[in-house]
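Novice: Listed below are the residues making up each chain.
There are 2 protein chains.
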Amino acid sequence: MGFTEMWQDLLPIGRGPGGGYRRFSWTAADRECRDWFTQEARSRGLALERDRNGNLIAWWDVEAEPGAGAAGMVASVASIAASAVAGDAMAGRVRRDAVLTGSHLDSVPDGGAYDGPLGVVSALAAIDLLRDRGVRPRRPLGVAVFAEEEGARFGVACLGSRLVIGAIDPARARGLRDGDGVTWAEAMAAEGYDPEAIGPDPDRLSINCFVELHVEQGRAMTAPVGVASAIWPHGRWRFDFTGQGNHAGTTLLVDRRDPMLPFASTVLAARDAAERHDAVATMGKVHVTPNGVNAIPSSVAAWLDTRAPSDAAVRATVAQVREAAEEAGGRHGVEVALAEESYTEVVDFHIALRDRLVKVLDDPPVLPTGAGHDAGILSAHVPTAMLFVRNPTGVSHAPEEYASPEDCLAGVDALADVLEELVCR
Amino acid sequence: MGFTEMWQDLLPIGRGPGGGYRRFSWTAADRECRDWFTQEARSRGLALERDRNGNLIAWWDVEAEPGAGAAGMVASVASIAASAVAGDAMAGRVRRDAVLTGSHLDSVPDGGAYDGPLGVVSALAAIDLLRDRGVRPRRPLGVAVFAEEEGARFGVACLGSRLVIGAIDPARARGLRDGDGVTWAEAMAAEGYDPEAIGPDPDRLSINCFVELHVEQGRAMTAPVGVASAIWPHGRWRFDFTGQGNHAGTTLLVDRRDPMLPFASTVLAARDAAERHDAVATMGKVHVTPNGVNAIPSSVAAWLDTRAPSDAAVRATVAQVREAAEEAGGRHGVEVALAEESYTEVVDFHIALRDRLVKVLDDPPVLPTGAGHDAGILSAHVPTAMLFVRNPTGVSHAPEEYASPEDCLAGVDALADVLEELVCR
Chain R
1 MGFTEMWQDL LPIGRGPGGG YRRFSWTAAD RECRDWFTQE ARSRGLALER DRNGNLIAWW
61 DVEAEPGAGA AGMVASVASI AASAVAGDAM AGRVRRDAVL TGSHLDSVPD GGAYDGPLGV
121 VSALAAIDLL RDRGVRPRRP LGVAVFAEEE GARFGVACLG SRLVIGAIDP ARARGLRDGD
181 GVTWAEAMAA EGYDPEAIGP DPDRLSINCF VELHVEQGRA MTAPVGVASA IWPHGRWRFD
241 FTGQGNHAGT TLLVDRRDPM LPFASTVLAA RDAAERHDAV ATMGKVHVTP NGVNAIPSSV
301 AAWLDTRAPS DAAVRATVAQ VREAAEEAGG RHGVEVALAE ESYTEVVDFH IALRDRLVKV
361 LDDPPVLPTG AGHDAGILSA HVPTAMLFVR NPTGVSHAPE EYASPEDCLA GVDALADVLE
421 ELVCR
Chain Y
1 MGFTEMWQDL LPIGRGPGGG YRRFSWTAAD RECRDWFTQE ARSRGLALER DRNGNLIAWW
61 DVEAEPGAGA AGMVASVASI AASAVAGDAM AGRVRRDAVL TGSHLDSVPD GGAYDGPLGV
121 VSALAAIDLL RDRGVRPRRP LGVAVFAEEE GARFGVACLG SRLVIGAIDP ARARGLRDGD
181 GVTWAEAMAA EGYDPEAIGP DPDRLSINCF VELHVEQGRA MTAPVGVASA IWPHGRWRFD
241 FTGQGNHAGT TLLVDRRDPM LPFASTVLAA RDAAERHDAV ATMGKVHVTP NGVNAIPSSV
301 AAWLDTRAPS DAAVRATVAQ VREAAEEAGG RHGVEVALAE ESYTEVVDFH IALRDRLVKV
361 LDDPPVLPTG AGHDAGILSA HVPTAMLFVR NPTGVSHAPE EYASPEDCLA GVDALADVLE
421 ELVCR
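So the sequence lines, in the order shown, correspond to chains R and Y. Just so we're aligned, residue 1 is where the first sequence starts under this note's numbering, counting upward by one. Just so we're aligned, residue 1 is where the second sequence starts under this note's numbering, counting upward by one.
FYI, nobody ran anything at the bench for these hints, they're computed from the structure. Warning: the hint list may mix true and false statements.
Per label pair, the in silico range of CB-to-CB distance [what the hints assert, rightly or not]:
#1 Y:338 - R:393: 26 to 36 Å
#2 Y:186 - R:18: 47 to 57 Å
#3 Y:338 - R:18: 39 to 49 Å
Some but not every residue of chain Y turned toward chain R, in silico, with C-beta under 8 Å [stated by the list, open to error]:
#4 261
#5 276
#6 284
#7 366
#8 367
#9 370
#10 398
Positions of the beta carbon are idealized from the N, C-alpha and C atoms, including for glycine.
Same shape as in the complex, but just chain R:
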């Protein structure tokens, strides 16, 4: 099945009536995505590995000798079946010096079709292309599907890759809750995983390199395919504004402790601070209690997402927003609490690897991004690079997210060229 057929196959899964995707970890839509991936891996004779942290990897293993291709394929299929029956990810072979590619299949709420899936589908299509070219890898080549990259259900982005490198305590990960109070441990157990087994997985890190292809998310590219230089430092902060719930009709203005007012000031302050520090700052999520038309809220919880080219600029932006929130809270008799939920320092991708990609792709644009990725998480332990596919409108995390079919196929070609270089030399 070629790129276009795979893409069409995946397209309806988890898509809502407005065209946006809700592919949240361990939901029915997520299971359908995983089943789709499993099927695509099987149809190519790739060995499917379910790692213990909820990530999937489809392996194209090194073939023993010329002519053994068909037998190798049968062995791989058998190993998939064994692994599926045993349900034991640790039974998977350790593949040292492997080249890993892939991305993720989960989405933000009402997200687009490309963020994540483009990297997975392109990786499978690139393997087809390499086989058509008669390439015989000297290193194992894996296509990874990382779990909970968006953090949309459990609040911590790149949770699957963070667990692999030990960037999050397994006990904390097990206890992360979704909006309904379901924990990560409960959700993964319901899908047949053992939540007690999650945690650092050094075997995953004994690889040669990781290359993630991803749709670009700004409007930064004038060529179909580019190479990433860096990921901006970024983080999430939670503000809790606590006032006094009351009647909207009978409570005098002077008697009010309305948390919606300092929240509103904070939204505007975030924009001002971002402009001042050449950052971006967004308050896109808010929970109001009780959220009734005729009730002054008792509390408002709101989240700030901030990113900038430097750690200093992010910190300065958040400090300015905090000051404004506290000042407005003080004026309205509203308590303000601030908690840092996550922070990722600047990521500079592996320079030698990046230079190899630039050479193979004949001088593509090289650019930074404000978006976090599993590649950013792994880059602390593994030589890592990213390819970007052009996004003509710059829209992402929304149903309008788009890359042209021509650019997507150019991305597959580029990824195949890069992988051929990496698995054969």
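Since the structure of chain R is provided, determine the placement of chain Y on it from the hints.
Specialist: Showing chain Y alone in chain R's frame:
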């Protein structure tokens, strides 16, 4: 069962872990409240009428002659059973020239215990007191429980009383939807009501008068019991801010059409406008789409509640807020739409009736309120009055809502005195 026992009995129904109430129409909590009321009516030998609009009335009918009390009571109990079996509210007798009291049992989200239930419990306790005094009414006395007074589930406040007087089109009422898309028609049908039968009910309006006792909701009283002069005009407006959903990390500030920003400006403008026009204005409810930490929202819907002593002040406040919203929307490339969801003009309660209450109660405080009530809806068709019970903190629509036991019992005494005057003269 006396006031305190009835109060304790009702207290746990629909109460959440934080102490706030969620007694929404046609939910399990609402059914429990209705069952409680039915039981209290039966234990007093009152004839329970389920009207066709979802309201309940427990009738103390005029007794035929001295000594016939017990027989009358038996007859009433029989009529309850017949009505319950037939499920046909129109089978209820028409009771012309009756005196009606009562209030409602539904709540706002996380509301207090007193708003509504105090008027119902006090009415039943007042009947006990009148019987203890040996009062024999010359007019039927009814205790009403109006449906969906808060509009918390279906969005239109005082829906039960509005239907009775024909202030809302029955087809529109049937089609009102809750947050899950369930219609008023579906919800009432699930509880055994015929949604096709709802609509104007002139027989309900052929009564002598309606007196509603309610907890006061500001901090306006220095005596335990007061009498209402007027209800401020008030209304609800919905703002829809439509921007462009996008990625929080990669979208340049200049490329953003973030609807959260004009929403925030509108929240602050509502406060400014209320201060300027001696009104109150509240934005207590907001829905953000998709409401993700790392997504610039595509749209924000937010509700404005505005009240003031005069229609002109309400209109001027809303006009100023609208102007600010549109100005901010224009600056951020965000479309702004405004819709009036409900509007209730100033209610001046029936002056002769009010004067009778003031005389009976020996010159209590007489005060207006910013809160809407079923009494305000009925006042257009029936002589209507209200009694207020003191609220020492002024908190309402929140778990901290409170009236002291002494003040509650003073309210029962006052209501009994007023009803004795009204049913005997």
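Novice: Work down the list of hints and note, for each, if the structure agrees.
Specialist: Hint by hint, here is what the structure shows:
In this structure, residue 338 of chain Y and residue 393 of chain R meet the distance hint of 26 to 36 Å, their C-beta atoms being roughly 29 Å apart. The given range of 47 to 57 Å is broken by residue 186 of chain Y and residue 18 of chain R, whose C-beta atoms sit roughly 24 Å from each other. Between residue 338 of chain Y and residue 18 of chain R the CB atoms are about 23 Å apart, so this pair departs from the stated range of 39 to 49 Å. Evaluation of the residue 261 of chain Y hint against chain R yields a held restraint, the C-beta minimum of about 6 Å falling below 8 Å.
A distance limit of 8 Å between C-beta atoms decides the matter here; for residue 276 of chain Y the minimum to chain R is near 11 Å, and the interface restraint is violated. Given the 8 Å rule on beta carbons, the hint for residue 284 of chain Y holds: about 5 Å separates it from the nearest Cβ of chain R. Because the beta carbon of residue 366 of chain Y sits about 16 Å from the nearest beta carbon in chain R, more than 8 Å, this interface hint is broken. Against a cut-off of 8 Å between C-beta atoms, the interface hint on residue 367 of chain Y is violated, since the closest Cβ of chain R lies about 11 Å away.
The closest approach between the C-beta of residue 370 of chain Y and any C-beta of chain R is roughly 4 Å, which is under the 8 Å cut-off, so the hint is satisfied. At a threshold of 8 Å, the smallest CB-CB gap from residue 398 of chain Y to chain R is about 3 Å, leaving the interface hint in force.
Comparing the model with each numbered hint stated earlier shows that hints 2, 3, 5, 7 and 8 do not hold.
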